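*Asks:* Protein sequences, first through last, are from chains E and Y. Take the first sequence: its position 131, counted from the start at 1, is 131 in the UniProt record's numbering, and no numbers get skipped. Take the second sequence: its position 225, counted from the start at 1, is 225 in the UniProt record's numbering, and no numbers get skipped.
Among the clues, some could well be false.
One copy or two, it doesn't matter: identical chains are merged, so the pair holds either way.
Stated by the list, open to error - Taking lysine-lysine pairs in the DSSO-like style, the calculated list, with each CA pair at most 27 Å apart, reads: (1) 116 x 8; (2) 159 x 204; (3) 182 x 284; (4) 191 x 222; (5) 265 x 340; (6) 133 x 107; (7) 36 x 141; (8) 222 x 85; (9) 265 x 284.
Don't read these hints as lab results, they were simulated from the structure. These figures come from a predicted structure and were not determined experimentally.
2 protein chains.
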Amino acid sequence: MPKTTLKKLAAILGLSTATVSKALKNYPDINENTKKRVVDLATSLNYQPNSLAQGLRNQESKLIGLIIPEIVHHFFSNIISGCIKAAEKRGYLVIVLQTNESFEQEKNHLKLLMNKNVDGILLSLSDDTTQHKHIKQVIDKGIPIVLYDKISKLIKSSKVIIDDQKAAFNATQYLIDSGCKKIAHIRGDLKPQTTIDRFIGYKKALAKNNIPFDNALVYRCKNLTYGEGFRLAKKIIQDHEDVDGVFAFTDLLATGVLKRFNELKVPVPEQVSVMGFSDWFLTKITTPTLSSVHQPGFEMGQQAFELLYKDICTLKKGEEIIPQIIEIPTYIVPRNSTRKLTKQTK
Amino acid sequence: MPKTTLKKLAAILGLSTATVSKALKNYPDINENTKKRVVDLATSLNYQPNSLAQGLRNQESKLIGLIIPEIVHHFFSNIISGCIKAAEKRGYLVIVLQTNESFEQEKNHLKLLMNKNVDGILLSLSDDTTQHKHIKQVIDKGIPIVLYDKISKLIKSSKVIIDDQKAAFNATQYLIDSGCKKIAHIRGDLKPQTTIDRFIGYKKALAKNNIPFDNALVYRCKNLTYGEGFRLAKKIIQDHEDVDGVFAFTDLLATGVLKRFNELKVPVPEQVSVMGFSDWFLTKITTPTLSSVHQPGFEMGQQAFELLYKDICTLKKGEEIIPQIIEIPTYIVPRNSTRKLTKQTK
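With the hints as constraints, model all of the structure from the sequences given.
*Replies:* See below:
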């Protein structure tokens with residue numbers, strides 16, 4: 001909607017801007033009928049300062065949407081926190097929506113946010129999302145989207161990611177460097193890119209160290225829960241009594257593994273080393289404490305907002321967005337569930 | 001702002017509504033000049049469907065604000081999740097803001113939300129908040145506020161609470177019923193109502209069971225962290241070698257206590273029982289698992305939104321809000337950090 005100015009009011013009413021201005025200020029030299037016409041139109045156009053109307057006039061709502069797969073989740077709540085902190089500094093407010101990994105929810109949420117005239121959207125793709133028309137539609141309407149964490153290479157937008165392959169490679173290499181020779185991997189479901197990439201990283205590390213890949217050592221679970229880790233730990237040790245390492249897709253799974261190994265009197269790390277992924281708070285609480293890959297959620301939330309802000313500003317200047325990809329580094333946090341390194345990690 | 005109708009467009013332009021309607025539909029029997037005037041005004045008035053403009057017309061933004069002390073926090077992230085879920089069902093979006101327990105932040109956030117024309121606000125008071133003028137101002141402007149969790153009896157608004165005194169009484173009673181005779185209490189800082197109430201609940205349970213209150217058994221900490229629990233556990237056992245129960249203000253503190261007792265080879269629960277508060281996920285992960293008081297965050301978030309929605313509807317009907325207080329029940333979740341009950345909990 002075009003900006004409402006004195007000039008616009010004047011043009012619609014066929015009056016001079018001076019007359020309109022005076023009418024609004026209730027000058028005595030303007031006749032009552034004219035005053036009434038001016039005030040009526042100004043009211044209709046909401047010429048009075050008003051945040052919603054200002055939003056309309058500036059084409060800015062100073063609102064952004066943050067679509068998150070799961071709120072009650074250490075990594076994602078860190079992302080929310082980082083995003084809100086960065087947004088606050090720039091005077092933006094953040095609408096938070098949860099997809100629960102549902103494609104339908106993702107579509108609905110994007111629609112809602114468009115209707116709310118948000119200035120931009122941060123989106124982590126749901127595990128169910130396989131086509132991207134709904135995302136392209138939003139971008140085509142001039143609302144920038146920045147993808148974070150769960151992304152698709154097929155979407156032309158800015159992105160904030162971690163290199164899951166590299167992170168998983170490093171985690172597996174760490175287990176090998178600490179003496180593990182037979183490492184099981186608990187992976188997520190087939191589809192999400194993160195589980196694919198971490199699986200590839202695991203395989204690459206084995207290959208690099210001339211350890212033959214054995215598909216029987218890969219355990220897949222749909223739900224990345226503590227309970228699944230607990231269940232699979234027993235299966236792993238039953239299937240492969242000489243297994244000496246477990247690399248789990250998330251800390252939650254790894255925590256379930258640790259608990260079950262405790263119960264089964266499988267010494268960790270003396271017999272089996274366990275490595276998680278994410279470096280949640282709970283890694284410090286388990287017995288033994290859990291070695292993990294640090295995945296910087298707060299920083300990811302901050303950087304995702306900053307990237308979105310940059311794209312919003314670019315659009316505002318009438319320029320074209322050149323999508324940018326930021327990779328946030330990860331690192332291993334060794335704790336007591338893995339043995340000390342026997343040689344330096346490469 | 002008055003609703004933009006065909007009638008209004010017609011009145012401003014001095015045309016009939018039929019002419020305006022036809023002009024908008026580009027009927028051939030309307031002259032081009034008239035069409036241009038109508039379309040220009042309709043565009044200026046944003047007569048096209050548009051959510052911001054609809055918001056203006058209905059005086060509704062369908063946005064609410066949720067002010068939360070801390071996002072990366074199991075209990076509060078459950079509240080966010082419950083609130084967003086309930087809001088979604090009613091077609092509301094939720095702006096999330098974090099205070100970090102700062103009074104200044106709380107004031108700023110309320111201002112921002114007012115400027116954003118939210119329909120209502122959910123607020124948990126920051127620990128620093130001692131006066132309530134800023135809250136009264138918002139309520140006086142016709143924006144309903146519902147307080148949740150950390151509330152003040154001095155604010156006239158709807159509230160969703162748990163009865164911290166009762167919950168702490170029950171937790172202490174549970175320890176007594178399981179055979180504890182000398183129970184330490186790790187409490188929070190002096191000011192927040194929740195720490196005061198849980199402390200009172202602890203004292204009342206001792207009194208009811210004719211156990212003399214000993215202030216030396218009460219340990220205060222400003223930061224409710226794992227590290228503080230870890231630190232205080234050693235101090236408790238050094239100060240009182242015959243202590244046989246610890247009731248901690250939060251699970252995080254209790255988890256630190258458990259870890260330290262593990263390291264000090266203090267058998268839990270054989271020598272000392274440990275009871276937490278909140279029933280976070282981490283209670284299932286500790287060794288031994290942690291008995292706790294279940295504090296239903298998700299439900300609190302849902303109910304807080306529902307109460308706010310009710311208040312918003314009341315205001316919309318032009319009626320006065322009659323503040324309502326909902327108390328959400330808590331219950332003990334016994335796990336392995338406390339002994340089995342020797343008699344029934346009252």
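*Asks:* Hints first: check each against the structure and report whether it holds.
*Replies:* To see whether the hints hold, each was checked on the structure:
1. 116 x 8: both (25 Å within a copy, 25 Å between copies)
2. 159 x 204: So residue 159 and residue 204 pass the 27 Å test inside one copy only (25 Å; across, 55 Å).
3. 182 x 284: Answer is within; shortest intra-copy Cα gap is 26 Å, inter-copy 29 Å.
4. 191 x 222: within (10 Å within a copy, 45 Å between copies)
5. 265 x 340: For residue 265 and residue 340, both the intra-copy (21 Å) and inter-copy (24 Å) Cα distances are at most 27 Å.
6. 133 x 107: Within one copy only: 10 Å inside a chain, 41 Å across chains, cut-off 27 Å.
7. 36 x 141: Classified as between: cross-chain Cα gap 25 Å, same-chain 38 Å, threshold 27 Å.
8. 222 x 85: between (33 Å within a copy, 23 Å between copies)
9. 265 x 284: Classified as both: same-chain Cα gap 21 Å, cross-chain 18 Å, threshold 27 Å.
No hint from the list above goes unmet by this structure.
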